[in-house]
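First to last, the protein sequences are chains C and R.
Plus 523 on top of the position in the first sequence (first one is 1) and you've got our numbering.
Plus 199 on top of the position in the second sequence (first one is 1) and you've got our numbering.
A few of these clues could be false.
Claimed, not checked - Computed list of lysine-lysine pairs in BS3-like fashion (alpha-carbon distance at most 30 Å, straight line): (1) Lys1000/C with Lys918/C; (2) Lys874/C with Lys231/R; (3) Lys908/C with Lys1046/C; (4) Lys1046/C with Lys674/C; (5) Lys231/R with Lys786/C; (6) Lys1003/C with Lys918/C.
Keep in mind the hints are simulated off the structure, nothing from the lab.
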Amino acid sequence: MDSKFHPFVLPFSIGFALMLAVLTVRYVIWLRGLSSDNRKRIRSNFFTVNTWEALVEIFRESLVHLKIYKVNPMLGFMHMSLAFGWFLLIVGGKLETWYYTGDFANEMHYAIFFRYFEPVTSGFWMNGVMVFFMEFALLMVLTGLILALAKRIRKKLMGMQNTTRHSSGNRIALTFLWFIFPLRLFAESATAGQHGGGGFLTANLGAWLFGGDSAASWELPLWWAYSISLGLFFIALPFSRYLHIPTEMVLILLRRWGLESEKGFNPNKGLQAFEVHSCSSCGICLDACPAINIGQEAFQASYFVRGVRENSEVEAKATSCLSCGSCTAICPVGVDVEQLRLDKRSDIFTKARFSHSYLPGSMTLWRDTTEVVLFTGCMGRSNPKTTVAFKALLKEAGLSFVHVDEKDGVCCGRPMALAGALDQSLMMKEYNSNLINGQNGQVLVTSCPICFKYFTEEYNLNIPVMHHSQFLWELMKKGKIKRDSRDLKFAYHDPCELGRGSGCYEPPRSVLAQLGELLPVDKERDKALCCGNNLGSLSLPESDRRQITARTLAVLSANEPDYIVSSCPLCKQTLARQSSVEVKDLAEILLETKPLRVKVPSYSYVHQEAGR
Amino acid sequence: MTKQYFGFSVLEQRSVNLDSEMPAELESLYQKEPSLRACIACGNCAAVCSAGHFAEMQFYRLNVMARRGLLHEMVGKAAACMLCGRCQMSCPRGVNIRHAVLMMSQL
Ligand code: SF4
Ligand code: SF4
Ligand code: SF4
Ligand code: SF4
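From just these sequences and the hints, can you work out the full model?
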């Protein structure tokens, strides 16, 4: 096929070969870091339906970008036009050369630069279809490109408040990428203008721009430029964020094969490496972050993951973040940023020599059976109103209970785990497990979402665990607590640990809906904003936290509720100290809406609101 | 009778020397968590401390120890913290206590 060669294809061919070489080396290094369990998983799942499912997912997510589309249709359309359009061009090019030559195994550059080698193709009707198809795909990519440009200039056009600020290496790669398709359009048009052929795009553009004899000298330079921009982009790809394009596909495969993250912070080995390099810096997580543009450190997932990828210092990013889970929930690639952060934190805090060996034994040998084991947690102690109210409600429902951490209590251990000190959190787990298992109860109810999440996920208790909002809703459903609807308007605040953390959105809402009107909130359920005081953040200064709180309160009070209701002691106190609307716990509201003929027990609690 | 000085008297072990430089560790601790300087030793943090029920944990005293140069003792005591955050919730001065404890325990 000597006539099918021209030196201008070399930049492309060399760039592509280099990219393949670098990718292979990097992937082999990462794959070698897989744990032996993970290797076993690959072997046993390779020839199963999982592989097929992965291919379907790759089509849906890497090419059509359905998840991005769901979050932001315009942005999804942009990504889809670029990725799927390019994919169509590649596939179409292959099919076209195959059809034209009758030989499937023709050289790569022949398909890429087909129009240069074969300006005028003929064949029966299929030829017209092919030409139209290729031009359509090119138009699609160009549309995506125009949208991407528009996003650079005015992100609001694409429905985004914040976009990732790219580092210079990524900007260079981006420039090459942007040049590729316009150059292809012009190169093909120049050939069409000079030699005829082309489809609805290139034939018309070619006749208009490159029809005259003087334009003949344009043709080759344009093809050179197209090839060079392709080659440079391919060389830059493995060293820029565009590495996410191939990596995300591999990650999808590995996930479908059931691989699990290796222990510890190791972003250049194993599954973690694939995960870190699958982040496209799309910036969707930025708008979701309650702390965006607050404070000195831009610690949002997009920046954190990039820092990890580039081996730069991410300590402050890992410790400032609230661990609210918003970014992990919305990430279209499903990067487990939360786990990565925890791994990084344990890496940082191995030097913290915590020791909780002072904890006493907590074994209870035997006690009479009781229905409810109540655990209010550390923060609950600073929220006696909630505890008093919940106990009154239990009495109203005629249930017996024992409050296990009434006099003294040990933290559930989640804050320690959030700081990366897992071994220490295990001591607390043991203390509390012994304490709770010895109560001979039927259900453990906790009013703290942090404890709730940790109890359900990490503890192996001998009784089921419920959050008090779930329990109260059960009592209402069973008719043990009865209320009439009143003329009250509530805005409900989803605590991070209860909502995104534990998937409990409905029970508290169901309770409130019985008591009055539940107002819609602009960002709620899995999009809810953090109160600003999530224990996940270890280093965020108070002033930053207060700004986050103010932002969250503005969203919550937008529809002028009578009460802002939460079901987390930490959220409640945090919101209350800055709110002009009264903030109450679900249990308090439920108790206070009790019909008046029944006497409401008066609160007796130590004044503990010094923080206000 | 001890001799009466005019104006003030000095006991060597109680003297406060504003000219003396802070030990380097302390300086770096304050740099890592500047809000430590805001503590007025009101004692709220100790009153609510979860670890305080079981161990000798009074956050403001760690800070006092640090200022007095009792760094070793401070590091030992800081180890009891559970990072539960109750202290921070009740601190009137917005001291970033959990981070401070983390930094103290690593000195
Ligand atoms: S973490 Fe996810 S949402 Fe954030 S930039 Fe990366 S891919 Fe996008
Ligand atoms: S976990 Fe929450 S606070 Fe942290 S980066 Fe993600 S969205 Fe922002
Ligand atoms: S509550 Fe705050 S100001 Fe009061 S002693 Fe503790 S750290 Fe200092
Ligand atoms: S975070 Fe530590 S110092 Fe503060 S109240 Fe909890 S155990 Fe005590």
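The hints, checked one at a time:
1. Of the pairs offered as hints, the one joining Lys1000/C and Lys918/C holds, with about 17 Å between alpha carbons and a cut-off of 30 Å not exceeded.
2. Taking the CA atoms of Lys874/C and Lys231/R, the gap is near 15 Å; set against the 30 Å cutoff, the hint holds.
3. Taken as a hint, the Lys908/C and Lys1046/C pair is honoured in the structure, with Cα atoms around 27 Å apart against an allowance of 30 Å.
4. In summary, the hint linking Lys1046/C to Lys674/C is supported, as the alpha carbons are separated by about 23 Å, within the 30 Å threshold.
5. Simply put, Lys231/R and Lys786/C have alpha-carbon atoms about 29 Å apart, close enough for the 30 Å limit, and the pair holds.
6. Of the supplied pair hints, the one linking Lys1003/C and Lys918/C holds, its CA atoms being roughly 10 Å apart against a limit of 30 Å.
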